[in-house]
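Trainee: With the hints as constraints, model all of the structure from the sequences given.
For the record, the sequence lines run as chains Z and X.
Under the working numbering, read the first sequence as residues 1 to 115, first letter to last.
Under the working numbering, read the second sequence as residues 1001 to 1116, first letter to last.
Derived from the structure by calculation, the hints contain no laboratory data.
Just so you know, not all the hints are guaranteed correct.
[Stated by the list, open to error] Once the Cα atoms are required to be at most 30 Å apart in a straight line, the calculated BS3-like pairs of lysine-lysine come out as:
#1 K68/Z to K1041/X
#2 K77/Z to K1041/X
#3 K1055/X to K102/Z
#4 K1041/X to K102/Z
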Amino acid sequence: GNSVTQMEGPVTLSEEAFLTINCTYTATGYPSLFWYVQYPGEGLQLLLKATKADDKGSNKGFEATYRKETTSFHLEKGSVQVSDSAVYFCALSESVGTSYGKLTFGQGTILTVHP
Amino acid sequence: GAVVSQHPSRVICKSGTSVKIECRSLDFQATTMFWYRQFPKQSLMLMATSNEGSKATYEQGVEKDKFLINHASLTLSTLTVTSAHPEDSSFYICSARGGGTFYEQYFGPGTRLTVT
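Mentor: Written out as structure tokens, the structure is:
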């Protein structure tokens, strides 16, 4: 079956530091890959996505590149802000088959950014 | 943007009672809704998928008689935890998908259930 593995947190950084959250996956088909963010007290929001190999998703200064050869989708940001403090989830979804449209999530990584 | 609400946000109930959680899509029609369960410091686990007017499809290992899902309209799905026990205590999250791409899901803020 499909699975997603994220680096364990929590991750604590100072403002303007560089962020990397590692994510690797296993899938039976050709999944689309996502990063979701959950701010305190709110629902998950789609941060960025990539639907095929070598695609780069980007949003709000965050980037992730779909690497099929390493089955990875690492999240990066060059300079984090206090407002980026949240829980980040890596996820995948299949576009065909019995898992169509279903999201498989990693365990989530808590990010705390200090001023 | 698409908004999904959940009610209640927190509920405490006694062991043996039933609890109903509502999930509503506020500004779009949700043809499909998903229910997830999240344990502390763990990932979201898909419990079931429901399509409006159809019976829900449950993931392996999820007791359908314990977790009753009803998707009676295009804007409302309910999850009823029947005869709740302390091990059912968890964070329950719903998401909804309209007519967009296969991966577009909009998430509710979640419901914290505590069974005493």
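Trainee: Tell me, which hint numbers fail for this structure?
Mentor: none
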